[in-house]
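J.: Construct the complete structure from the given sequences, taking the supplied hints into account.
Numbering (my numbering), first residue to last: 2 to 432.
By construction, these hints were calculated from the structure, which means they are not laboratory data.
Please note: incorrect hints may appear among the correct ones.
Pairs of lysine-lysine residues, derived as DSSO-like cross-links and limited to a Cα-Cα distance of at most 27 Å, are as follows [stated by the list, open to error]:
{"#": "1", "residue 1": "K238", "residue 2": "K192"}
{"#": "2", "residue 1": "K303", "residue 2": "K337"}
{"#": "3", "residue 1": "K218", "residue 2": "K179"}
{"#": "4", "residue 1": "K126", "residue 2": "K234"}
{"#": "5", "residue 1": "K227", "residue 2": "K179"}
{"#": "6", "residue 1": "K234", "residue 2": "K337"}
{"#": "7", "residue 1": "K358", "residue 2": "K152"}
{"#": "8", "residue 1": "K126", "residue 2": "K238"}
{"#": "9", "residue 1": "K218", "residue 2": "K192"}
{"#": "10", "residue 1": "K238", "residue 2": "K227"}
{"#": "11", "residue 1": "K358", "residue 2": "K337"}
{"#": "12", "residue 1": "K179", "residue 2": "K225"}
{"#": "13", "residue 1": "K178", "residue 2": "K227"}
{"#": "14", "residue 1": "K225", "residue 2": "K178"}
{"#": "15", "residue 1": "K152", "residue 2": "K225"}
Have a look at the derived ranges for each label pair, beta carbon to beta carbon [what the hints assert, rightly or not]:
{"#": "16", "residue 1": "D177", "residue 2": "V362", "range": "29 to 37 Å"}
{"#": "17", "residue 1": "T84", "residue 2": "L59", "range": "31 to 39 Å"}
{"#": "18", "residue 1": "S122", "residue 2": "P86", "range": "31 to 39 Å"}
{"#": "19", "residue 1": "F333", "residue 2": "I268", "range": "53 to 61 Å"}
{"#": "20", "residue 1": "W87", "residue 2": "A129", "range": "16 to 24 Å"}
None of these values were measured; they are calculated from a predicted model.
For every residue, glycine included, the Cβ atom is placed at its ideal position computed from N, Cα and C.
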Amino acid sequence: RTQFYWDLIPAGWQMPINQSHLTVHLPAQAHDFKCAVGVGQTSGCTAEGEGTDTLTVLTGSLAPNTPVTIRVGLDIPTPSAHTLPWSSRLDPVFGRHPVVLGGVLVLAFLAALGGFTLTRSTHEKQPAYPLMYAPPDGIGPAQAAYILTEKVDNKAFVATMMYAADKGAVQLSQDDKKWTITGADEAGWSKVDDVTQTAAQSLGVIGAGESFTASPKSVTAGEKLKSALSSFKTDTKGWARTSGFMAPAGLGGMGGFVLLVAWGLTIWLGAFNPLNMSAVALIPGAFGVFGLGVGMTGAGTKRTPTGRDLWSRVGGFRRILSTPSAVDRFDFSGRKDLYTAYLPWAVAFDCADEWAKKYRVETGEEPPVPVYFAGYTGAHTSNYVDQMVNSFDSAVSSAISSYEATQHSSSSGGGGFSGGGGGGGGGGGSW
Numbered sequence: 002r003t004q005f006y007w008d009l010i011p012a013g014w015q016m017p018i019n020q021s022h023l024t025v026h027l028p029a030q031a032h033d034f035k036c037a038v039g040v041g042q043t044s045g046c047t048a049e050g051e052g053t054d055t056l057t058v059l060t061g062s063l064a065p066n067t068p069v070t071i072r073v074g075l076d077i078p079t080p081s082a083h084t085l086p087w088s089s090r091l092d093p094v095f096g097r098h099p100v101v102l103g104g105v106l107v108l109a110f111l112a113a114l115g116g117f118t119l120t121r122s123t124h125e126k127q128p129a130y131p132l133m134y135a136p137p138d139g140i141g142p143a144q145a146a147y148i149l150t151e152k153v154d155n156k157a158f159v160a161t162m163m164y165a166a167d168k169g170a171v172q173l174s175q176d177d178k179k180w181t182i183t184g185a186d187e188a189g190w191s192k193v194d195d196v197t198q199t200a201a202q203s204l205g206v207i208g209a210g211e212s213f214t215a216s217p218k219s220v221t222a223g224e225k226l227k228s229a230l231s232s233f234k235t236d237t238k239g240w241a242r243t244s245g246f247m248a249p250a251g252l253g254g255m256g257g258f259v260l261l262v263a264w265g266l267t268i269w270l271g272a273f274n275p276l277n278m279s280a281v282a283l284i285p286g287a288f289g290v291f292g293l294g295v296g297m298t299g300a301g302t303k304r305t306p307t308g309r310d311l312w313s314r315v316g317g318f319r320r321i322l323s324t325p326s327a328v329d330r331f332d333f334s335g336r337k338d339l340y341t342a343y344l345p346w347a348v349a350f351d352c353a354d355e356w357a358k359k360y361r362v363e364t365g366e367e368p369p370v371p372v373y374f375a376g377y378t379g380a381h382t383s384n385y386v387d388q389m390v391n392s393f394d395s396a397v398s399s400a401i402s403s404y405e406a407t408q409h410s411s412s413s414g415g416g417g418f419s420g421g422g423g424g425g426g427g428g429g430g431s432w
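T.: Next comes the structure, spelled out in structure tokens:
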């Protein structure tokens, strides 16, 4: 005999009931039929239908959240229980249907496979770096550094100005913490790349006598520098694409956004569990883990065959500048001017110290100060490169900070009778 329990009126019913008349149809005749009103009670209602397959339950007034329960014996086999491989406490995680869970796991696997495939599509095997004793023709330091690393480092802007100065297009001069870029020989611009020309044009130093001063406290200079740096990075990346050296890869520029959506969806599904099955969060989560590479720097682009050839040659040139003389020698005899000529490239490649050390080892002398740094006041020639670049860097970043401080100040404010607002400035250090 099977014992059957049923809450005809559930405990969650939140409205009062004046009276109830309930009818139950059973698959077999009822035996030992009883009804109860309230949790843990054994009476409180009228039960009719003993020995039949139709039961009637009558109650009086019921307060909110008061259950009405019946218990009846049925001469039928007890149905087999629906069992799951996990306890009921894990139902909010795995759900109630193993087949659905299996489908979720399959989708999670496919999402992981898709993320892994996209990540692999952005990977590039590094080519061999043959020894190159000169930079590739037709490009500047910033372009070379981007082809090498797929990054436009802020030092590349400094290197670009140094490159323009080395070609005689501008003159760089220092006055305490200020740095001034002055246009020099107009013929010098024909010797530099388009990105360098555009960077100088954004600062207004194209043409003899035209100048721009990066002063740490100058808001106007900071505004111009911020705009120039933004354009410089865009122009460098755009040059690589339009010249056929870079092509879209993976999810292109959407990689970071897609990852943010995947991780946000994972957290939302796991925390709020809107489907009563938090395992569903494995689907976007698996993509977020195995597709992490699509959001990395440079993952949205891939070098073309022409770009890989240029990458190889740029890497070979950096190898000459950065490796110790005991590994790859550079013959300075009769060409000591090559040290200063290649210094902008070393700054862009972030190996200026190694390049200076190589000069000392092979010549037994301290590196010369470039002639285009007029009035440079470095303390000692042995470390002038770091001092020079950091000084220029500090002047630029401080000017930008001064400009940004005014933007923060103008956007803040107050309300009521004692409203106010303000902002602050600062600078120094590196970008």
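J.: Confirm or reject each hint.
T.: Structure-based check of all given hints:
1. For the suggested pair K238 and K192, the alpha carbons sit about 21 Å apart, so the restraint of at most 27 Å is met.
2. Between K303 and K337 the CA atoms are separated by roughly 37 Å; this puts the pair beyond 27 Å, and the hint is violated.
3. A hinted pair counts as satisfied when its Cα atoms are at most 27 Å apart, and K218 with K179 qualifies at roughly 10 Å.
4. Under the criterion of a C-alpha separation no larger than 27 Å, the hint pairing K126 with K234 is consistent with the structure, at around 25 Å.
5. For the proposed pair K227 and K179, the alpha carbon gap of about 17 Å is at most 27 Å, so the pair holds.
6. For the hint pairing K234 with K337, the CA-to-CA distance comes to about 32 Å; that exceeds 27 Å, so the pair is violated.
7. For the hint pairing K358 with K152, the CA-to-CA distance comes to about 25 Å; that is within 27 Å, so the pair holds.
8. Straight-line distance between C-alpha atoms of K126 and K238 comes to about 20 Å, which keeps the hinted pair within the 27 Å bound.
9. At most 27 Å may separate the alpha-carbon atoms for a hinted pair to count; K218 and K192 exceed this at roughly 33 Å.
10. For a cut-off of 27 Å, the pair hint linking K238 to K227 stands: about 17 Å separates their Cα positions.
11. Using a Cα cut-off of 27 Å, the hinted pair K358 and K337 holds, with the two alpha carbons roughly 14 Å apart.
12. A hinted pair counts as satisfied when its Cα atoms are at most 27 Å apart, and K179 with K225 qualifies at roughly 15 Å.
13. Of the pairs offered as hints, the one joining K178 and K227 holds, with about 18 Å between alpha carbons and a cut-off of 27 Å not exceeded.
14. Among the hinted pairs, K225 with K178 is consistent with the structure: their alpha-carbon atoms are about 18 Å apart, no more than 27 Å.
15. Simply put, K152 and K225 have alpha-carbon atoms about 22 Å apart, close enough for the 27 Å limit, and the pair holds.
16. Between D177 and V362, the C-beta spacing of about 34 Å keeps the proposed range 29 to 37 Å intact.
17. Separation of T84 from L59 is about 37 Å and conforms to the stated range, judged on CB atoms against 31 to 39 Å.
18. About 37 Å separates the C-beta atoms of S122 and P86, a value consistent with the hinted range of 31 to 39 Å.
19. At roughly 58 Å, the beta carbons of F333 and I268 sit within the given window of 53 to 61 Å.
20. For W87 and A129, the hinted distance range of 16 to 24 Å is not satisfied, since their beta carbons lie about 54 Å from each other.
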